[in-house]
Every structure is written in C-alpha cells, then in structure tokens.
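S.K.: Make the complex out of the two chains shown on their own, each in a separate frame, by following the hints.
Each chain is listed here by its residues.
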Amino acid sequence: MTNLSIELGGAGKAAGRLRRGRVPFGVALAGLIIAFMAVCAVAPGFVAPYDPYAPDLLASLKPPSPAHIFGTDQLGRDIFSRVVHGASYSLYIGLCATALAVAAGIVIGLSAGVAGGFIDLALMRVIDVLLAFPGLLMSMAVVAFLGTGVTNILIAIAIASIPGYARIVRAQVMVVRTSGYVEAARVLGQPPMRTLLRHILPNTVGPLIVLSTLGIGSAILQSAALSYLGLGPKAPTPEWGLMLAEGQGYLRRGWWVGIFPGVFATATIISTTVLGRYIKALTDGRA
Amino acid sequence: MALLEVRDLSIRFVGHSHDEDVQAVRGLSFSLDAGECVAIVGESGSGKSATARALVGLAGDNALVEGSVSLGGRELLKLSQRDWLGVRGRNIGFVLQDALVSLDPLRKIGREVAETIERHRLLPRGEIKGRVVELLTQVGMSDAESRLGAYAHQLSGGLRQRALIASALSGDPSLLIADEPTTALDMVVQAQILKLLNGMKQAGKALLLISHDLAVVAELADRIIVMRDGEAVESGTPMQIFSDPQHDYTRALLAAIPSARTRGLSLVTGSGGGESGDVSLVPRVPVLEVGEVVRTFGKRAAVDDVSLTVVAGETLGIVGASGSGKTTLARLIMGLEAPDSGSVTLKGADWSALHERQRRPLRHLVQLVSQDPMSAFDPRFTVERILDEALEARGFERAGWAERRLALLRSVGLSEMHLGRRPRQLSGGQRQRVAIARALAMEPEILVCDEPVSALDVSTQAQVLDLLLDLKRRLGLTIVFVSHDLGVVQHVSDRVVVMNEGRIVEEGAVEEVLASPRHEYTRALLAAQPRLPERMAG
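Quick note, the sequences are listed as chains A and B, same order.
At position 244 of the first sequence the residue is numbered 244 (the working numbering), and the sequence of numbers has no breaks.
Every position in the second sequence, counted from 1, becomes a number in the working numbering once 1000 is added.
Everything labelled a hint here was simulated from the structure, so no lab data went into it.
For glycine and all other residues, C-beta sits at the position ideal for the given N, C-alpha and C.
Each hint can be trusted.
If we take Cβ atoms under 10 angstroms as the criterion, some of the chain B residues that face chain A in the derived model are:
#, residue
1, G1335
2, R1359
3, R1360
4, R1363
5, H1364
6, M1374
7, A1376
8, R1380
9, F1381
10, A1439
11, M1442
So that you can see chain B by itself, here it is in the shape it has in the complex (with noise of 0.2 angstroms):
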C-alpha cells in the first residue's frame, strides 16, 4: 500500500441554496509513494487547490468532504479537528503559494519555523535552535543563523519561500503538499525552489505539487494528473503527458505554453494568425525614445542609465527578475513617474518633461495594461462605467458611445452581457480583456504591458496573448511588453531587453537575444527557464 491512498475523493462547497453549492472534486483517486512525487495540474477552478486543502482537512467549513485519504494506512477524512492538529506539520507538511500571506507578519522567521517542533514536542527545548539552524540551511538559506531574527517582510520572495518550506519541513513529515509553490517568484528563484523540492523529494519525502503550469512540474513530477472541472481528464509519466497526449485539453493545455517555438501562432488554435506583420519591412520610425533615464528611490537607482528605442509597430519586450526595474521603465514610459535625468520621447516631443496639464490631452497616445486588473478599476463600476470613463476622457459624443462599447467589448472577445458586471464578477482572464479593452478606447498608438498575464493561469494567459498579437495585428498596435516570463516574451515580442538592477545589460532580436545570449545574466535567466521533455520540439 502506498504511503497517500486518495479513494473517490468528492469535495462540494455548499453555498446560501442548492443553486449555489459547488461541485469543486468529483472521483479522485491517486496515490503517492515516498520518494515520489505527483502532481496536479489545472486551470483555476479545476479543483486542485480544493484537493490540497481537503488533504490536510483545511477545506473549509462549508465544504462537505467525501471518499477516502489514507496516509501510512490512516484514514484521515474521519480525524475530529483535535485530531487534526496532531497529523498537520508532523505527518503532512503544507508549503502554500504566497510565503508574505502565509507567514505570521509579527513573527521572526525563527520562530516560525520552530512552531511545529514545540507544538509536537520534538525536541527538548534546547535543540530547538539547533535544528532551526539546520532546516533553514537545508532549504538553501545562506548564513541562516544570522537570519532567524528577521521578519518576513524584510526576506525577499525566494528567502520567504525557503522559510516556509523549512517550517513545512520542521515537523519532519513523510508528505509534503506544495500548492503553487513558485507562482509568485520570478524564474530565477522558482528554478532555485524546484530544484529544493526537488532534494526532498530524492530525500524520500512524499510531494504532492499543484500547478497550473505543465512546464513547471514537467522536471519534478514522477506522474502527473491533468484535472478539469473537478475531475482527473488525464494522468500518466510526463512523457506520457507530454508526447502523447491522449485528452483534448491536455494537448490544449500544452500548446498553451508560450516559447520561442509558437511565435506568430496562435496558442488556442495552433495556427498561424494570417499575415505575421514582418517588422523589418516596415519603415522605422521611432515613436517613443528613452534616453539615458535615469530613476532613484532613495538611494537606490531602481533605472539606471537606461536608453532604448522603439519603433512604430513592432512589439519590445523587456525581460528581468523583480526588482530588475521594469516596472519602474514602464511607469516612465507612461509618464506615471518622472526621471530624475535623461528624457523619454514621445513621437519626437519631450514626453517626460511636459507639466501634468499639458500631457493629459496627450495621454490616450500611451496606455497601460497592468498586472492586475483588478486593482486598476474602481470596484463600484460596472464594465459599462468603466468604459465610458474612458470614452469620455477622448472626448468622444456621448450618442455614439453604446455603438462603441459594444464594438470594443466584441474586439476582445466579450459581449454585451458583460456590461453590466462589476470587476469582481469576472473572472482574471474577462477582466485583463476589459482593461485591454478600455486601454483600446482611447485608440492608442503605444500600448504598455506591465506583466498582463502573469496573474493568469496558462490557459487564460494563451487567449489574453492571442487577443494581444490578433490586436495589434488589426490595429498596428506598437507594443512594450513587460514580462518575467521568457517563454511569452519570446512567443509576442519582435525584439527584446533583459534588465537586470536596472541597467540594459542585453538588448536585440528576440532571436539572436536568446538563441545566442551574450551576457551572463541573460545565459542564467535562460537556464532558469522550466523546460519540458525534448519530444516537444517535434
């Protein structure tokens, strides 16, 4: 018998009235060896996170749990709460996706991680910093003991991770369930942290990793288990999965990955989307220069010394870690923060150095999609209002406004239904579109994308990308595109920076960039780049 039976596992969320109550798990059944390592792979709302926090009896309180977990020959589906508290940390370690939510702010990280060893009572009390010492180091924490005093807040997104993973660790389970482990972390540092879960999986611990990311589980997983609408579609090797796919949303859920190879395809249907618009054919005309800009927040130069160039049409990317300044160039290149010296240019007039009242007429020439939709509309507006803020703002008559709501919402793939749903009746996918589509109302020439799809799940992120390329196809869109993620940059952009502590320290065709990296640091972001087994090239 295996280490974790999951037996016809059915979770339903029950909501006010029968209407409501959702079917998250339907007939689950897998099981997990030490040493092993399964993973769950779907969309958001497939029912893989339900899973996870059913297994450790964290479903919650309007959930009602059904079938059968065993682990080591106990079944835990029948455990009282008490009981509960004596399987979490000691046999089931839980490593959760957002390490600065899920770590106690006004805790040192010390502490937190010697929680389950004094809660289980695993040590005598004097150990206890010993193995703390010891489980950080495990983890990859450099100089730990100098560390322990230090508060969340203060650890960057990999340190956090670490610590979380070493307090899931401390209580030595035999299963350690990952839920989205590295979805908040740049690549670099999510290749660092599967390389860790990877040691303790060698080291014979039980992982259970949930993703909605096939490439990211590609390299660790012993099985993987495709879930759709609260079922399992789909399970086998990784090489099972990825070069025979034998289910119809698998395959779509691995054409959906973004790289090199699906430029100027479309991710959702595979094909080409008509003429692929060559750049070079194109007259270069600059249409938005940055020169020598440079950008501090205290004393640190957050863009340094940055130039570039952008021509009508072709779509820029820039690549780098966090904190690598991207973020801050896009909010130059908007106008949303001012460069402490150098100029960016927009069509040959200075851009950063015009008075707030003078640039807001010119303002619908440059417009953002940002990370997170969600936060970027004010949450009382239904679509409707959020639309017609913009159609306002570019003075368009207000008679002629339904006729171009309802063109702008089709152009993104919404209908008229939508206009009456407020943000938070979305989903990420609909509200990127809305934000894409209000960007789209002030007809821009230079759309700003700062990360628009990394909040999204692989699928959601393959229809937002083609909306983004069938875009600027149509309307010659010039577009700077701002990512962490090196596979989209490859599939959308023409050409491409890579950024690393606020400096260009590569910039060219994607092509040579990233076939031919010259710079060390754009040969460690490539490497850090999950990979899927080879047959994927054919």
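One chain only, chain A, in its complex shape (with noise of 0.2 angstroms):
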C-alpha cells in the first residue's frame, strides 16, 4: 500500500511537469506591453505628467531624471510625456492601415478568386506588379502623390500591403471553393451566392484576420520610417520616427532624445508581431 502511494506520488509529479497550457513568459511580456501602449493612446494624460507641448527652455536637453524621467529634448518638453502621447499616432496608423488593406484585399482576393478566369488573371497581374515594388518605396510613392500628414501616410500604408492580403485571400478561397463543404451546400441546392457568404467568405476571412495582428507591427514600424522620413505628421506633433529624425541631431549632446522613441517603437512592433504569432500558432494548433 504504501509502495502504491509513493509510486502514484511520484507519477502526479511527472505530471505536473508535462503539464501545459501556460502563457509563455515573452507572450506574457509582449501583452503588457501592447495593454500599455493602448492605455497610453486612449488615455495619454492619465500616464503622461506633462503637457507634450509645453516648451521650457530653461530646462532644455536635461538628461533623465526623477522629474523628468527619460530626460527633456531640446526645448525642455518632457520626453517621457511625448513619448506617451505618440502611441496614439502610432497605433492609430497601424491599425487602420492593416483593416484598410484586409478590407480591400478581401474584396480582391475573393473577386478573383470566386470569378476565376479573365477577371482573376488581370487582378492577380496588377497585384503582381505591384508586389513587385518593395513596401516603403510604394508607401513613399503614394504620399508624393497624395502628400504628407497622418491619413495620407495611413492610407499609402494600406495600398501598400493591399497585395499580400489579396493573394493570401485569393489562395485561401481556391481551397475552400473546392473543399467538400461547399460542394455538400451545392448538393443541398443552395444558391451559389448564399454559398459564397456562408461558407467561403467567413473561411476565408478566418485565418486572414489572425495573420493581419501579425500584420500590424510592420505597418506601425513602416509609419515610423515614413515620419522619420518627414513624410508624416509635422513637429511639433510627437510622433515617434518623426521624434526619432529630430533627436538624431542631438545624439553627442543628448542621446536620450532620439533614443527613447525608438525604445518604444521597437518595444511595440516585437510586441504586436510576438502576439500576433502567439495567436496564429493557437489558432492552428486547434485547426
């Protein structure tokens, strides 16, 4: 009896050590992370303890402190606070962008997919030559035809990554038109457009939206590069890449400037595409 209980003892530990189901610690993290920067684009004056605005030159390129804490730029506004204030920006553009292209892409990847033939061969050679073009260089290309500011680099973010999600909604719909539950619907007499928004459109939308989270990181990060460029907002608005090309002419005098931007913008896209891949392997994993 007591030989049984030391073996099942010792059983229930080796369980315990199989066990699984945790949330991995750099998940974890990566949520933190993304719950604060959305508090901070929500809610910037609950966290930010300055005006973002509010020059002070007295207190101009003061390094980090306890009133100032990642230290104050050129016209003494506080950095942490400005910081604060251009997640808005940031996740603002990234999210809308990505919906944007997911929208759009869903509208061409089913068209082509569903029609097929002459209809589905020139879509998919117009998404050709556009994917022939790198992301920024079309980005770029789309603000010098529409012009600088916020909704501009948003939507030439968008057109941008239209063609991956079309492709990828296009493949997606190929498979499902074929699978065995749309032939089952058409089996059943149902009409080929009931068909269409029962089965294909939410299978196929499905995945894409677990693979556009994924997609969010490399918007944010293509409008930092965008702003960093000046082709974004204009100062004084605190928007990280555009904080970022402003602190880089004051890196030898004062490095937190132009470091601290980049800090959080880094810290935002590993986060988004950290959860983003967290998502898409459980979303998997129960398919």
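M.R.: Listed below in structure tokens is the structure:
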C-alpha cells in the first residue's frame, strides 16, 4: 500500500512537469507592453506627467532624472510625456492601415478567386506589379502623390499592404471553393451566392484576421519610417518616427532625445509581432 | 526469454488539467518472439496505436509511460532520447498507416530507404545503393533500380507502402511494428502487403501488427490481443479467438464483420431487422439510368462507356479497386461532374444535361454521403446549423425546424445533446450519422454513399451499416453504395456492379456475382478478401 502511494506521488509529480497550457513569459510580457501602449493611446493624460507640447527653455536637454524620467528635449519638453502621446499616432495608423488593407484585400482576393478566368488573371497581374515594388517605396510613391500627413501615410501604408492580403485571400478561396462543404452545399441545392457568403467568405476571412495581427507591427514600423523621412505629421507633433529624426541631431549632447522614442517603437512592433505569432500558433493548433 | 517482453505497460496522456488526462493504456503485458506475429486489435481509442508508439519511444511529450519494455534483454523505457536514435530503425522497424504522409515528399524513394543504413553506418558508402535495390526488390517492387529516383507521390498506394516497409527493414531490425499497414489500401493491394509481411515473419522477424480489423490479422497472427479502453480484454491464438471468443466485446467485434452471411441481419445485435423487403416483389421501376457515360480526365478515361439502371427501393453496390472510376461514377450520378458523352437520367428526365440552375430545385432527390464527413461540414458550423442549412434548402418553414432537427437526429441514433457540437467534437461514427441526417433532411429518393464506412473502424462501421439498412427499410430509400470492400458490399447490396479501369466488368445479383464470378477481375477481388478461419461459417 505504501509502495503504491509512493508510485502515485511520483506519477503526479511527473504529470505536473508535463502539464501544458501556460502562456510563455515572452508572450505575457508582449501582452503587458501592448496593454500599456493601448492605455497611452486612449488616455495619454492619465499616464503622461506633463503637457507634450509645453516648452521650458530653461530646462532644455536635461538628462533623465526623477522629475523627467526620460529627460527633456532641445525645447525642454518632457520626452516621456511626448513618447506616451505618440502611442496614439502609431497604434491608430497601424490598426487603421491594416484594417483598410485587409478589407481591400478581401474584396480583390475574393473577386479573383470566385470569378476565376479573365477577372482573376487581370486582378492578379495588377497585384503582381504592385508586389514588385518594396512596400516602403510603394508607400513613398503614394505619399508623393497624395501629400504628407497622418491620414495620407495611413492610406499609403494600406495600399502598399493590399497585394499581400489579396494573394492570401485568393489562395484561401481556391482551397475553400473546392472543399467538401462547399460541394455539400451544392448537393443541397443552395444557390451559389448564399454559399459564397455563408461558407467561402467566413472560412477565408478567419485565417486572414489572425494573419493581419502580424501585419499591424510592420504597419507601425512603416509609419515610423515614413515620419522619420519627414513624410508624416509635422513638428511639433509627438510622433515616434518624427521624434527619432529630431533626436538624431542631438545624439552627442543628449542621447535620450532619440533613444526613447526608438525604444517605444521597437517594443511596440516586437510585441505585436510576438502576440500575432502566438495567436496564429494557437489557432493553427486548434484547426 | 522472448525477444520482446512488455510488462505492465501503462500510458497516460497528460492534459491541461487532471480532468483532461487520458489513461490510454493500462497494465498491458505480452511477449513476442522471433518469427512470430502478435496482433493487437481494437477500435479507435482502444490504446493500440499508443502502445505501438510507446514501443518506439514516440508516445509524445505529454505521455507518461510506465512499466517495462525489454527488447533482447535491454530495457527500452529507460533509454534517453539519444539512445533511442540507436534503437529506432536499427533494432525496431516501424511501418505507419499512411505512406504518403510518412514518406518525405521532397526525397526520392532510394534516399528514403538508404537513410537508416547511412544513419547507423551499416554499410560502406559504395554498397548502399545495391542494398537499397535489394531491399526494394525484396518487398516486391518490380524494376526497383529505375524507381530509386521516384518521389512518394509518383508511386501508387501499394508501392508507397512497400517502400515504407523497405525503409523499415533497411536497418535489418529484429522487430517490425506495423500500425494499420493496410488500412489506406484497397483489397487487392492489401492482400499483397499482408503476404509480404507474412514473408518477413517466415524470414524470422518478430512482427507486431496493429489493426482495427480482426479479419485482416486473422491469417497472419500467431496470437491476437483484443484491446478495449486501454486494457487487453482477451488474447489467444486466432483459432481460439474466432471459434471460442470468451469476452462479449470480442464476440461483438467478430459479429460486426460484414459479409455475405450477415445480409439482412443487424451487425450489432446479430438479429434480423424484421421484414427484409424482398426486392424481387417490388415492381421494378427504374429511378436512375446511366447510359453509355464517358468521362475523361486528360487522356485517361475515368469512366468509360458505363451503363446501369437502378430500380426504386434496391441497393446497388458498386465495387472496385481505387482508381477503378467508382467515385467518378458516383459524382456523375450526383450531377457534380458532367459526362463527356452519354447521359444520366433521373426519374425519366435527363439529369446530366440540365443547367445547374434547373438542376438545383431537383437536387434534393439525390443526396450524398461521402467517405470523409469531416471535410463535408463547414468546420465553423454546429450540428444544428448543418441540419438547418439542409432544412432551409428543402424549403421547410422555419417554425418547424426545431422539431424536424430532433426527429432527424433521433432517426440516426443521436440526440439533442449533439446539436451544439461542432464536427471536430464528434467521433467518426457520429459525424457519419450527422452526414446521413443531413441527407435525410432533404427527403431524398436516392442516397449515394461513396465509401461511407471505409474511414471507420469495424464496430463503428457495423453501427453505420445497420443504420443505413434500417433507414432503407423504413423510408424505402434507393441506395447506390460505392465501396472497395467486398464484405461490406455483400452485406448491404441487392445487386452489384464490379468496376475495373473505368468499365463495368460484371453485373448482377450479389449472390450470383460473388458466388460464381465470371470475370477474372472479380475473381481476383474475391481472392484478395481477407478470410476468417473456416469455423466462422458455423
């Protein structure tokens, strides 16, 4: 009897070691970072101790201190407050550009995949041409056409990401269209339009939504890059890419001016990517 | 001491919490000697595959394996992952069910078979190719040298399985474990593979065979272990198991094997299902006529000049090996393929010539039950929505759906507790029941069943076959039943059509065709059918 209980105890311990289902540390950290960024974006006044626009020339280029934890910039503005306020621009552009690109990608991919034939051929060749340009170059070209500003770089980034999504949607439609359940709907005598809306669309969009979380990170990166190049919002807007560009000139006298916006941007981009991958792995495992 | 000694083997799969833990195998013991074959038989979930995987150290990261497994006196369960590498392939060869999945799609067959030899440095480099050719020839691959450069997808199912066996043999292991080695194959090829495995046994290999089908292992095994819910419920020689089964479960498994003898009887209870509905008394009204239909894919004629008639209320069996065109024929009947020439006539009207728009309102007349119901359901849908889609298509008033849903589920042996489930939360048998319920929701006159039970294990197959026959009796359905399994076709059909290479080679009443086959191919099919020891006849 004693023997048995010892054995059971041993098994229990080993079972504990094997037990799965905990969220990995990196993913939890990424979640916390994104949650913090979301709070910054929605209620920056709640987090930021100072007005991001208020200059204080007497306190310009002060290194990090208890009063200004990220230091101050050349005009004496609190960098931490500016970085916090900057979150809303990046998240706004990242989310909206991705949503816009996904929506357009669905329309194009679905039309091509369902219609087939000439429409498919024509749409996909256009997409191929768009894909031939690197994303950043593409968005720069669009900005050159539309002009600078937050809304315009948002549109530019969205246009540059459409081809990728359209291709994925089309490929997925091809798979779903020949699936057993679409055939089953046909056997039941369901009209094709109903099958399209009820089976093909949802089963195509599901995997895409997951994939698009990965796209948000790169959209944020692109928005920072465009702003850094001066194509985004104008000074004194506290946009990360713009702040990075401004800080560049002061790297010798005040490294903190450029470093902290960069750290925030990097942390956000990596975190969205980590979370996106985790969500994708979860849904893949379930399928 | 025997070559392989398994003592008190227990396997537990550890889930997210204690509630999700699964005890897959409990206290299993057996031994296996060189030149001997032990077969483990059971339905899915019985723990037979978990056992096979544990014996090669591949039970999985979340598996807790306890007990003792010794091979040639060496304890295997204590091996490190590193030590396992020296054992797998070298001391134990492992053959899996589906060779297409198990073979690397990007590697040529020759390299695949050579891998174990290279990995264990069994031969000098220069001699490897010769050995690979020898191995492939040994497993009955004709013209082995020219096939070294072929990829897995370029080979037929039978050749792939042979290549897989050759690679399992390449390290000259003393023990060969084969997990459902013939389940994915049609009957003729299955017979060849079983013969090959028998040859391995004669040559002195110890063979551990895992299968859900008692009939398949009957000829090969020296001892059979019947497993259920992780425990061995019975073991003995095939003669003992077949002629004097001790356990109820073994008896049920034996009774579940469909054959000519079981016609008109329930496979689950063994009793007659009431009025057998003699077709000869029913007026012979043709409901479906296939006339000189040809359908080609590329240059190959999948269906070549096929004509047949299906009479109301009968079950027509279509039997043939894979690639014989029987599935294409079923799709032509369903109006899912258009014939190149010839016509399909449904209730006297030309069905194949209709435009899809005209065919749609008539589609409810012919419904399909396919082999793999998992793919025939939208993965996001619950059983409720799956049935609703059919009820909607048939044009029933929404108010009556709830009632109809329940009636349908009950008629296929399910209940309202299944309404909220999604396909992946159902067992294979339950999924097939839902597929049948959906077809019935359309109130069809003809039910086309394309290999409806070939993905199911024997006991589940018995339940589904019983259900189909019961529905046929109650609803007067006409059934077109496509299968590669002669036993199943004999069990369900009134008339049978034998197809080979796109053509009908023989046709007639089941008793006549299968008792005195005229065509050579039918004879070959019959000869390939796995046979139970004779006493079963009694």
